[in-house]
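Asker: Chain residues, written in single-letter form:
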Amino acid sequence: MPKPSLTTLSRGEALEIHSRALDLLSRVGVRFEDPEVAKILLDAGAVRTDDRVLIPEEMVGEALKNVPKKIDLYDRDGKKVATLGDGALIFNPGSAAIKILDYGATEPRTPTLEDLKNLVVVVENLEFMDAQSTALVPGDTPIEIRDAVRLYPILRYSRKPIITGAFTVENLPVMLEMLKVVREDAWRRPFTIFDACPSPPLSWSRVTSRNVVDLAKAGIPSEIISMPGLGATAPVTIVGAATLHHAEVLSGIVLAQAVSRGAPVIYGGSPALMHPRYGTPLIVAPESLLVSLIYRDLARFLELPSHAYMGLSDSKLVDYQAGAEEAYSALAAALAGFDVVSGPGMLEFESVQSLEKLVLDNEVCGLVKRVSRGFGMSVEEIAVEVVEETVLRKGGNFLLHPHTRRYLRREVHVPRVWDATPRSRWGMRSVYEEAHATVLKLLKEGPYHELSPDVLAELDKVYERLWRGAGSEPKYV
Amino acid sequence: MLAEDLKRALYMAVIEGDPEKALGYARELLNTGFDVKQIVTDVLAPAMRVVGEMYERGEYFIADLIASAEAFKQVFDNVLKPRLSSSAASKGVVAVFGTVRGDIHELGKNIAKALFEAEGFEVIDLGVDVPPERFAEVVESRKARVVGLSALMTTTMVEQARVIEELKRRGLRERVIVVAGGAPVTEDWVRKIGADICGDDAFKALKKVKELLGVV
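Chains G and C are the protein sequences, given in the same order.
The first sequence begins at 1 in the numbering used here and counts up one residue at a time.
The second sequence begins at 478 in the numbering used here and counts up one residue at a time.
Worth flagging that the hints you see were computed from the coordinates, not collected in a lab.
One thing to keep in mind: the hints can contain errors.
[Unchecked claim] When the alpha-carbon atoms are kept at most 25 Å apart in a straight line, the in silico BS3-like pairs for lysine-lysine are as follows:
hint: 1; chain 1: C; residue 1: K550; chain 2: G; residue 2: K394
hint: 2; chain 1: G; residue 1: K80; chain 2: G; residue 2: K3
hint: 3; chain 1: C; residue 1: K681; chain 2: C; residue 2: K558
hint: 4; chain 1: G; residue 1: K394; chain 2: C; residue 2: K498
hint: 5; chain 1: G; residue 1: K3; chain 2: G; residue 2: K369
hint: 6; chain 1: C; residue 1: K568; chain 2: C; residue 2: K685
hint: 7; chain 1: C; residue 1: K568; chain 2: C; residue 2: K498
hint: 8; chain 1: G; residue 1: K180; chain 2: G; residue 2: K475
hint: 9; chain 1: G; residue 1: K394; chain 2: C; residue 2: K558
Please model the entire structure based on the sequences and the hints provided.
Answerer: Dropping the structure here:
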């Protein structure tokens with residue numbers, strides 16, 4: 001089945017960048033804030049120099065041999081959703097927004113746990129959002145447990161796989177426990193992916209490196225999200241940032257494999273250009289996008305599952321810029337063949353979520369998936385006989401030919417919210433208004449795919465313990 | 478197959494837009510003793526109504542509408558029409574039907590046409606996107622007693638008023654019963670434009686036309 005694809009690097013170019021990154025790892029090395037994590041690598045053959053860990057090429061080679069090339073991803077209820085490594089194109093909301101933009105507002109506000117629940121219900125019912133994410137950081141919960149509480153409404157109300165992450169070392173085991181009470185074999189058939197971000201350039205914080213270690217021990221997939229800031233924490237040149245990015249991701253892979261050979265790791269990223277004038281981190285600048293396209297090919301070169309922060313916008317409102325940035329980055333991500341794409345709903349430098357934008361972005365994801373799916377090339381689809389019959393005997397009208405109805409639904413994607421009406425049927429509403437109407441409808445009608453009462457009771461126990469540990473009464477949504 | 482099963486099968490064949498199956502079931506139904514009017518009113522019209530609703534809900538596309546209309550048309554033309562003995566007193570009464578200018582929806586008009594034909598009316602179908610002058614011309618030349626103006630959109634309903642104006646201008650208004658039909662049409666609208674019958678429902682419209690003609 002022919003399908004469009006976007007390749008940026010030749011094999012030779014990928015090899016060159018890979019070699020340069022290996023060079024960086026062995027000569028400049030990586031700084032680990034946590035000495036215990038550094039020790040894991042040193043014990044496995046890395047070399048200490050001052051406060052850095054030099055990772056020799058052989059170690060990287062060994063890790064790349066052991067890291068899985070494919071990861072099967074399941075939903076909460078144990079149904080297989082996709083195999084990562086085949087360009088699965090799992091769209092999910094951009095994660096961990098610290099603000100939410102209400103319909104019609106110009107100033108975003110701090111979200112609540114209730115907002116997160118609402119977002120979960122909306123995403124659960126958006127056809128082209130293939131996974132949930134812990135998309136909002138609820139401001140009405142104790143700061144020390146804000147990472148873990150986010151799992152609760154998702155596990156409770158949604159079946160979709162979850163892209164998440166911890167902000168602490170301590171809460172990760174609790175989060176893993178929450179997964180395990182929801183499904184005993186959450187390890188063997190994973191339905192969550194945990195993001196872990198190195199701190200550019202070439203360093204790892206205590207929290208994120210320990211997360212990688214603990215996830216590798218548990219066998220839960222981790223997604224190494226390098227975040228080079230072009231012109232700030234990374235070279236301003238595209239290939240320079242991509243090389244640094246690659247080295248950082250490799251260091252995460254080496255760490256995970258040093259902890260547990262065969263630990264599942266996804267090659268991820270979120271490069272950002274530092275705006276030359278304002279210093280803001282532009283996630284969807286063309287330069288950031290190019291870095292993502294480069295590392296996509298590096299992941300392909302190493303045959304690793306891949307992730308991108310694309311399909312989002314840096315705009316402050318759900319406006320023209322938001323739509324344009326969303327669409328061009330989502331299409332690029334799809335054509336490049338990423339497995340996991342985080343971003344929909346997101347505005348303002350990965351800091352603000354909007355439910356209306358999620359609905360509109362879902363529309364973009366649907367269009368993009370249609371383009372990337374390509375088309376069939378069977379004799380019946382080429383349809384020479386249909387043309388012959390219609391032109392010579394049916395007056396040239398293909399609408400009447402059964403072939404049209406046979407292939408219409410398979411071939412044609414019909415947008416849900418996008419306006420394609422003739423003016424006479426147009427409701428005089430903008431797509432933003434339509435999206436808001438859709439949000440209200442989904443919140444009212446669901447459906448909510450709630451956990452069974454007995455499983456929920458078990459989840460509630462872990463959840464309550466989490467809150468009590470922070471000295472608070474649990475808040476249920 | 479039992480009569481009820483046959484009705485159901487014909488109903489589904491029309492909804493699914495399968496003319497061949499529809500023809501077969503319609504023939505069998507006639508053979509089991511059903512008359513044309515029953516088949517139209519109990520099966521075909523409800524099926525076409527469902528098709529229209531499925532289109533409105535976004536489940537059906539234009540190609541599906543056309544396939545169903547084709548199934549309907551084939552059953553009507555090939556199986557039902559030859560059986561129309563039109564025993565009713567409305568036999569030979571000329572009715573002119575069309576969808577008004579700017580509107581290309583003909584489902585409602587086609588159902589009405591089928592019903593009126595089943596009653597013995599001689600229906601002259603002007604098709605879709607019909608200008609006021611054309612309605613008036615045919616009413617005059619064919620000495621029609623009924624004119625049916627179909628409009629599915631609120632934006633094209635105004636054309637119904639223009640047809641009535643044109644009929645008045647030519648001194649034809651008093652000679653015909655004007656049915657203003659289509660989903661958006663209301664009794665208020667019918668009064669406002671000076672039509673005689675609200676054809677939001679083809680069954681109801683037929684009944685009223687017959688009452689006005691005194692052929693009930």
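Asker: Okay, which hints does this one fail, numbers in order?
Answerer: 7
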